[in-house]
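Now for the letters of each chain:
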Amino acid sequence: MRLACVAWTLALVALGARPAAADIGALLGRRVTDVRVEARGLAVTDRGVLTLVETARGDLLTMNGVRQTIEHFVTLGRYADVRVFGEPDGEGVRLRYEVVPVERVTRLEFQGHPDLDARALRADLIDRFGATPQASRLPEMAQAVVTRYQARGYPAAQVETRTTPEGRDGTVMATFLIAPGRQTVVGRVTVDGPADATRGLPERLGLVPGRPLDADTLATRVDEAEDALKGDGYYEAIVNAQVTAAPEGGGADVAVRVNLGDKVAIVFEGDALPGDRRRNLVPIDRLRSVEEEVVEDGSRNIEQYLRLEGYRAATAPAARTRANGVLRITFDVDRGPLHVLGRVEAAGVAALPRQELEPLLKLQPGEPYVDARIAAVGGALVEYYRVRGFAAVSVLPQVTFPGGPDPARVPVDVRFQITEGPRTVVTGVRIDGATALPEAQLTADLGLTTGKPFYQPQQAIDRDTIERRYRNAGYQRAAVDARPVLNAERTGVTVTYVVREGPQTRVDHILVAGTARTSPDLVRREITLRPGGPLGYDAIIESQQRLSALGLFRRVRITEAPHGIDDTARDVLIELEEAPSTSASYGGGLEVGQRTRRTDADTATDRLEIAPRGFFEITRRNLWGKNRSVSLLTSVSLRPTDPGVDEGPEAEGGYGLNQYRVVGTFREPRAFDTPGDAQFSAFLERGIRSSFDFDRRGVRAEYARRFTNRLVVLGRYSYDFTEIFGRDIAVENQLLVDRLFPQVRLSTMFASVIRDSRDDILDPVRGTVLGGDLDVALPALGSEVGFTKGFVQSFVYKRLPGSRPWVVAAGARLGVARGFEKRVPRLDAAGQPVLGADGAPLVDVVTDLPASERFFTGGDSTVRGFALDRLGSQSTLNADGFPTGGNALVVLNAELRTPPLKGVGLVGFLDAGNVFLRAGDVALSELRTAAGFGIRYRSPLGPLRFDIGFKLDRRDFSRGTERRAVYHLSLGQAF
Amino acid sequence: MTPNPLGLVGLVLLVLLVAGPAGQAQTAARAAAPPGTETLIERTLAIVGGAVVTQSDVSLALALGLVEGPAAATPESALAALIDRWLMLNEVARFAPAEPAAAAVESRLAVLRARAGDAETITRRLSEAGRAASYLTAWVRDDLRIAAYLEQRFASTGTPSEPDVAAYAQRQAAEFEAAGLTGDAALTAARVRLVQERRRDLITDWLADLRRRTSVVTFAPRP
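Those sequence lines, one after another, are chains A and B.
As numbered in my numbering, the first sequence has no gaps in its residue numbers, which increase by one up to the final residue, 975.
As numbered in my numbering, the second sequence has no gaps in its residue numbers, which increase by one up to the final residue, 223.
There could be a bad hint or two in this list.
[What the hints assert, rightly or not] In silico contact screen, one side only, chain A against chain B (beta carbon under 8 Å); selected entries:
1) 71
2) 86
3) 164
Quick caveat, the hints were computed from the structure, so don't treat them as lab data.
The structure displayed is predicted, hence computed values, not measured ones.
Where is the CB? At the ideal position from N, CA and C, for every residue including glycine.
Take these sequences, add in the hints, and give me the full structure.
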C-alpha cells in the first residue's frame with residue numbers, strides 16, 4: 001500500500017509539473033493575434049511593462065520569446081510568479097501573461113503579548129530584513145521574532161503572521177500574532193565564590209525567586225558584575241550564571257559562580273621607562289587581562305620602544321609570582337647600551353650615479369641605530385633599482401661594531417652591499433589571443449613599452465589595464481596573463497600578454513524599476529549603456545553617476561540581470577528610488593567683513609561689519625517626468641545702518657535691509673534635444689557696492705553646454721533695469737553716465753567659455769582654470785546704453801614635490817570694456833531742451849559704462865590689502881577714497897599654501913591689481929600691491945579663511961592716509 | 001509478497017510521465033486545445049537570486065540528461081538541482097574563475113550530446129524550451145567553471161588521521177573484503193573515501209549557507 005501511495009504521489013506531482021508538450025507544440029509557430037498581461041485579474045496597462053513583452057501581436061510564437069518575457073517581468077522586480085497561457089484563435093494564438101505582483105511589507109504590527117517592546121522588535125526586523133521586505137520572507141521574520149522571545153525567557157513562544165493590503169501598489173501590512181507562552185521565572189538561586197565578591201550579587205543580577213528570568217538581561221548583568229571585579233584589579237575574575245531548564249510549571253534554577261582570582265599588580269624593574277609610556281606599552285590595565293598573549297605583548301612593546309630609541313639589545317621579560325592573594329607581574333627592563341650610527345656607505349654602486357642614491361641614505365652619523373630603519377633604507381634602495389629595470393638587485397645591510405671609548409654608547413657602521421645584477425629593458429610587448437579588440441587599442445598608453453626598464457609591478461598594472469579594456473568592451477570573463485621572457489643575459493625581456501577573451505556580453509534590455517513620476521525615457525537617455533551595446537564596467541559606473549547627479553533619486557542601483565545562462569546578452573536593471581519632487585531648503589549665517597563707510601568727516605573708511613543673512617529656496621523637480629524643474633530662491637541680508645547715508649528711524653543704529661534677492665528659475669536639461677541645459681529666470685535684487693547701492697529687476701535666458709568634463713560653454717541673454725541709489729559720491733563728481741542714467745535699461749548678450757581641470761573646486765591642489773567672458777549691450781536690442789566688455793582669467797594650482805602637499809597657486813585676471821557713444825539731449829529742470837549759444841540744442845555724449853557694469857576690485861578674493869572695491873587708480877577713486885569704477889581691471893595673485901596640520905594650514909600671499917578709467921590707461925607700473933598671510937581651517941562647511949593683507953604702498957587722500965592692514969574672514973580659498 | 005495492483009498502475013504511470021517525454025512528444029498528436037481552452041505554456045518555478053527557473057528548464061534538464069543521478073529522479077529533484085546550480089553559479093561569478101579551455105568544453109559537450117540523443121532531437125527539445133543551440137555549450141562551460149571553483153575551494157579538505165582511516169576501514173571491512181581490498185589497499189581506499197565524504201559534507205554545508213544568504217523563492221502550484 002505504501003508503494004502505491006508513493007507511486008501515485010510522484011506521478012501526480014510529475015503530472016502537475018509537466019508542460020503539456022503536445023498542446024504547446026501545436027501553439028508554437030502560430031502568429032500571435034492578441035497579448036494580454038493580467039495582474040489580479042485586471043489588465044496591466046503600464047507601457048513600461050507592456051514594452052517588455054517579446055511575443056508581440058503579429059509575431060510568430062516562440063518559446064524563446066515567452067521565456068525572455070518572463071525573465072524581463074521577474075527582473076523588473078515588480079512581479080514574482082508568472083504564468084503564460086495560450087489559446088487557439090483561428091490560425092493564430094491568443095496569449096495571456098498572468099503575473100503575480102510582488103507584495104512588499106511596508107508596515108509591521110504586533111499583536112498578542114506585549115511584553116517585548118514593539119519598537120525594538122520592529123527595529124530588529126527592519127535592521128535584518130530591510131525597510132520594505134518581500135512578503136515571501138514573512139516566515140523568516142516570524143522565526144526571528146520567536147528567537148527574540150526565546151532569548152528573553154519565553155521558550156514556548158509562537159508567532160503567526162497575516163498580511164493586509166495597504167494599497168493598490170502591492171504593499172501590505174504584516175501583523176505578527178504573538179503567543180509568547182509563559183515566561184520562565186527564577187527558581188532556586190545558589191551562589192558560589194568568595195564572600196566579598198558574592199555579597200548582594202543575586203540582587204545585582206536581578207535573580208529573585210519567582211521573578212521573570214530574562215536571559216538577555218541576565219547575560220548583560222553578569223558581564224557588568226565581572227567588569228566591576230576587574231575594575232577592582234581582579235583581572236582574572238570570572239562570573240558565570242548557569243541556568244537549569246525549568247521543570248514543567250516550575251522556576252529555572254540559577255547557579256552563580258564567581259572565580260575571583262588574585263589581585264593583579266604590575267611592577268617595572270631595571271631601567272626606567274617614562275611613566276606616561278608604561279600604560280600604553282603594557283596593555284594589561286587597559287584590557288583588564290593577564291592572559292599570556294597580553295603579557296607577552298607588553299614585553300614586546302617595551303623592547304620595540306627601546307629599540308626604536310637606539311637600544312638595539314633591549315630586553316624586557318615578564319615574570320609572574322603569586323603570594324598572599326596578589327599576582328605580581330614583573331617586567332625586568334634592560335635597555336643595554338645605546339647604539340648610534342657611525343659610518344654609512346653604499347658599496348657596489350656601478351650602473352646608477354651614486355649621487356642619485358644619496359637622498360635615499362637618510363641616515364646621519366650619531367643618530368640612534370634602529371634595525372627597522374636600516375631595513376627600510378635597504379628596501380628603498382631595492383625599489384629604486386627595480387623601478388629602473390634591475391629586477392634581480394639585492395641590497396644587504398652589513399653591520400659592524402668598530403668599538404668606542406664609551407661602553408654605554410656603541411657606534412655601528414652600516415654598509416649597504418648592493419649587487420645590481422643586469423638592467424633589464426623591455427624589448428617588445430606582444431598580445432596573444434586577442435581577436436575582438438585591436439592590439440593597438442590594447443597596448444595604447446601602457447606603462448611598459450619597448451625601450452623602457454622592466455618593472456614587474458608596472459607589468460601587473462598593464463595587465464590590469466588590458467583586462468579592464470576587455471571588461472569595458474563587455475568581455476566580463478576576459479582573463480589576461482602576463483608572461484615575461486628574458487634573454488640569456490637577462491638584459492632584455494619580451495612581455496607577452498596572453499588573453500582569453502571569453503564571450504562578449506551585450507546589453508539586451510534596459511529595465512527601469514521604481515519610477516512613478518520620472519519618465520523611463522529620461523533615465524535611458526541619461527545613461528551610457530545602450531541596448532545592443534557592450535555591457536562595460538565603466539559604462540555602468542558612468543551611468544550610475546549620471547543618474548545620481550540628476551538629483552531626482554534617493555537611490556540608484558544598476559545591476560545585471562541573469563538572462564538564462566546565455567552569456568552573450570544581459571538585461572540591465574536600473575532600480576531607482578525617487579526623491580520627493582518638492583524640496584525646500586533654508587539657511588542662515590553671518591557675514592563678517594570690512595565695508596567702506598562714510599565717516600562724519602565725509603571721508604571713506606573701512607569698518608568691520610557683521611551682517612546676518614538667510615535664504616529660503618523651494619524647488620519642484622522632475623516636472624512632467626522630464627527632469628525639468630522650477631525653483632524660487634529668496635535671500636536677504638541685513639547690515640548696520642549708516643547714519644551718514646541711511647535715512648529714517650532705522651538709521652539710528654540697528655540693522656537695515658542690506659541686500660536681497662528673489663529669483664524664479666525654470667530649468668530644462670537637455671533642452672531642444674541637445675546635450676545642453678537651458679534656464680529661464682526672472683529676478684529682483686538689491687545689492688550694495690562700496691560707493692552706491694542698486695536695485696535691479698529683469699529676466700534672463702541661458703543655455704549651457706558641457707563639451708567635456710572640463711570644458712563648459714555658456715550663452716545668455718538678459719534684459720534688466722538697474723537703479724542706482726545711496727551714492728557716496730557727490731553728484732558733481734559722478735560720471736556723466738551715472739548722472740544721466742540713475743536708472744538704466746540694459747539688453748545684454750553674454751558668452752562664456754571656461755575650462756576647469758581643478759581636482760577640487762573648494763580647495764584645489766592641482767589643475768588650472770582658464771576662462772573668457774564677453775558682454776555686449778546693444779541699443780538695437782533695446783539697451784539704453786551700449787557697451788562691450790571682455791574678461792579673461794586664469795588660475796594655476798601646483799603641488800610641490802614632497803610627501804606633504806605644499807601648494808603654489810597663482811592667478812591673473814584682466815578685464816576691459818568700452819562704451820558705445822550715445823548722444824543725449826540736455827534738458828532743463830522743466831524737461832525742455834537746453835539750447836546753446838548758437839541756438840542749437842545742447843547734446844551730451846556718453847561713452848562710459850553704467851556704474852553697475854564698471855569694474856571694481858579690492859577685497860577678500862582679489863587684492864587683499866584693500867577692503868571690498870576700495871582699490872583704484874587716481875582716476876577711479878575720488879578725493880575721499882570712494883571708488884567710481886573703471887573700464888579696465890588687472891588683478892594678479894600668488895599664494896603659497898602649507899600642508900594642513902590637524903585641519904589648520906597657513907598661506908602667504910602677494911596680490912597686485914588696479915582699476916583703470918580706460919582700457920588704454922592700463923599700466924603695470926600703476927598696479928598696487930599687497931602682501932599678507934592667512935589661516936585656513938578645514939571645517940565641515942569647507943575651508944574657513946582668515947587673511948590679513950598689508951598694503952605695500954600706502955597712499956594719501958585728502959582726508960588722510962590709507963590704513964595699512966585689512967583683514968578678511970570668509971569661506972573657501974581666495975581663488 | 002503480493003504485488004499491489006494499484007501501486008503497479010501508479011508506477012507505470014510514473015515511468016510514462018517522467019521517463020517518456022521524448023516518446024510522448026514524438027507520438028502525441030500536435031493538435032491544439034479547442035478554442036476557448038487555455039493551455040499553460042510556461043511558468044516560473046523558482047527565482048534564485050534573480051535568476052528564473054521555469055517549467056521548461058526542468059523539462060529540458062530531464063529530457064537531455066543535464067541533471068544526473070538522484071537529481072534526475074523527479075521534476076522536484078531536478079528543480080532542486082537547478083536551484084543549487086544557480087546558487088553555485090552566482091557564487092562562482094563573484095570570483096570570476098578562468099575560462100575553461102575550449103578542448104575541455106568540446107570533450108564534455110560530446111559526452112553530453114551522446115547522452116541527450118541525436119542532433120535532431122536535441123535541436124527540437126532546445127527549441128521547445130526556447131533555448132538556442134549555444135545553450136548546451138554554455139551549460140557545459142558553466143559546469144566546468146563550477147567544477148574548477150569547487151576544486152579550488154575544497155581541494156584541501158585535510159588529510160584524515162591514521163586512526164580515522166583505520167576506524168573507517170574497520171567499519172567498511174566487509175565491503176572492502178568483498179571488493180578484494182585488504183591490508184594497505186583497504187586503508188588506501190578508506191583514505192580516499194574519507195576525503196571524498198568530507199569534501200561532500202563541506203560542499204553540502206556550503207550550499208546550505210548559500211541558500212541562507214540568497215533569496216530563493218519557489219512557487220507552489222496555483223489553481
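Hints and how they fare:
| no. | hint | verdict |
| --- | --- | --- |
| 1 | 71 | holds, 5 Å |
| 2 | 86 | holds, 5 Å |
| 3 | 164 | violated, 21 Å |
Hint compliance for this structure: hint 3 alone is broken.
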